[in-house]
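K.L.:
This is what each chain is made of:
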Amino acid sequence: MATTAPKIRFREPQIEMAHGAGGKASRRLVEGLFAPLLFGSSQGPLGDAAHIQINGTRIAMTTDSFVVKPLRFPGGSIGELAINGTVNDLAVSGARAEAIVVTFVLEAGLPTGILEAEVRAMGQAAENAGVMIAGGDTKVVEHGKADSMFITTTGVGRLLSGVTISPKSVQPGDKVLLSGPIGDHGITILLARGDLDLEADLRSDTRSVFPLVQALVHHAGAGVRWMRDPTRGGVATSLNELARDSACGIVLFEEKLPVRDSVRGACELLGLDPLHIANEGQFLAIVSSEHAEPALEAVRATPGGEEAVMIGEVREQPASAVLVTTLYGGSRLVDMLVGDPLPRIC
Amino acid sequence: MKFVDEFRTPELIGKAGEEIRRLADPNRHYRIMEVCGGHTHAIYRFGLKDLLPSNVELIHGPGCPVCVLPMGRIDDGLALAAQPDFIFAAFGDMMRVPGTHGSPLEYKARGMDVRIVYSPADALKLARSNPEKHVMFFAIGFETTAPSTALTLMRARAEGLGNFSVFCNHVTIIPAIRAILDSPDMRLDGFVGPGHVSTVIGCRPYDWIAKDERKPVVVSGFEPLDILQSIVMLLRQLRKGEAKVENQYKRVVPWEGNRAALRAMGEVFELRAYFEWRGLGFISQSALKIRPSYAQWDSEQRFAVPGVRVTDPKAAQCGEVLKGVLKPAQCKLFGRECTPEQPVGALMVSSEGSCAAYFNYEHRKPVSIATVAPN
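Chains as they are written, first to last, in my numbering: chain A, 1 to 346; chain F, 1001 to 1375.
It should be emphasised that the hints constitute simulated quantities derived from the structure, not laboratory data. Note that this is a predicted model, so its numbers are computed, not measured. The reader is advised that the hints may include incorrect statements.
Per label pair, the in silico range of CB-to-CB distance [to be verified]:
1. GLU1270(F) to PRO111(A): 48 to 56 Å
2. VAL1305(F) to ALA134(A): 37 to 45 Å
3. GLU1267(F) to HIS143(A): 40 to 48 Å
4. THR1009(F) to ASP147(A): 28 to 36 Å
Every residue gets a Cβ at the ideal spot worked out from N, C-alpha and C, and that includes glycine.
Please work from the sequences and hints to get the whole structure.
P.N.:
Given below as structure tokens:
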């Protein structure tokens, strides 16, 4: 059978850090190299998890690697992230995580106590999220070839009934729901690295968002069009991907954006935008306008969802872009993150 | 949040906007230059252009230290850092700035020991904790950051720290403003004056702009209300036919500047005969170098610097945009060959550069969207 050669658009000579930072460069790599060679042309827009059919049953499947430094930080650790991250990727694709397998890449010389603490953290997070850890694999590399440990988790989940997630179904008039304050995780990690003489009473928001997603789908499932957990690249990157995939404009109201004072303060000092900062325990949903009120009420009535808020809406303009408006009538476009967020000093 | 929210109050901002519309003569076109990259960034970030009448035009000035740094200096710095047991330390601002063969961040990914520091004192700490390595701080900035570099060098000398040096790229703001005003195709009505720089140099160095050039200057803060209030103050002067230096940023900027900071700069630095500015070319006495008494801590006096010179790409019209002759989007390369991810020209390099700010926050914005509000 004659097949047309896949079109590889990725032309950059070598891999740079930015290709892993979750912004534009990551997207170029995935869409320009991985997708054409591995997924063929049948694949639509890339979501947080793949939906596949086995013997007539549709399941969701996803995988994620965790390379965070430091391993432990206020509010969480790499082990917790590894479980919650995969549970959340499944949740925002409309699925309940059922089973996870784990791969550890460990650096020779890693103290056993550090590994044990992370394994315990994973067990606890899995128990909290109600997901089974079904198996795993371990590799050890020479000292200096990995930063203490890398963890990869792969999860499968059962699709919730009554919800279909697709950026193509998003239309002008829909509302943008956010589950709680943004930027806590990214700023916590930045401060925990200790390069910065800044201290703040701040914790990572790492958690399973599945209970909130479940409540949303239960009460407003027919109106839920799209969901995403805004991890690397933050809310701005997730919504820019949606804007591009849906060809709609997303308009955010700055005064509605929930940002803790400590996160705002750090961002002001360092010249960062909270919309670009990573989260590990929040999700975004696009909900039809008639379902917006019950959707928000359902999330707020769920423990951990009290701070949920409608932050904006979908419009025809600016097509394929995200605009933030201020109370005093100014506006600005917010693009995807380019590379890692770097502090501005001078 | 204190000291921030007060300057973003919608009612006050609304009033300032009204006052600007009241003061601006509809039969006149105003061209006001904000000198600082920090102001340019704030103007786009807060969408302040949406609040101005169309005959009050903001021209973005040369006050972005990353933007005006010639590529050859980055190449020189990275060439020095390629020596064995070398640590290249710089502010986050520098990390994505391209040299001929890549940015510091790209060199880091290829294995160079590149560290982001938040102050020159942090680079000194690195030197103390890595005695077997040489730490070079790649210093950039106007008078805003020069004093902290000076104090760090004084500390290094006092401690007799042998494994630390500074590659000095500090520049001074006044010669750049003079170069802009001297340019024949320039027509400006007034200046929103530098805020952070003025905390150090004070307001007196701008006197000649008012007296000799007859242009008003208002030293301004960086919040939306600060910038709008400064425009109000400029328009009031222009209406009365005045040209004075005024200080809107009194809560931070003392009229006489910061004498201790100026003393430290005088102790450590002297003026270079000339220095190359990206987009503007060579400007005499526009930059600082380290005095011979600190030669041991000066990367340029201590090591053999290649002295790379890279001319700006011909097609990039950075100079015209810097001087306000062209708008960012009128440059032939804007948004096509030259983007924040793959910058060709100086002004696309830093988020404070006018092209990057315009690209990030503005250029795809439909005109009609400016007035949208929550339903």
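K.L.:
Now tell me, hint by hint, if it's right for this structure.
P.N.:
Going down the list of hints, with the structure as the test:
Hint check: GLU1270(F) to PRO111(A), Cβ distance near 52 Å, so the stated range 48 to 56 Å holds. The given range of 37 to 45 Å is broken by VAL1305(F) and ALA134(A), whose C-beta atoms sit roughly 59 Å from each other. A hinted range of 40 to 48 Å for the beta carbons of GLU1267(F) and HIS143(A) is consistent with their spacing of about 46 Å. Our hint of 28 to 36 Å for THR1009(F) and ASP147(A) is violated, since their Cβ atoms are close to 46 Å apart.
Of the numbered hints listed earlier, those contradicted by the structure are 2, 4.
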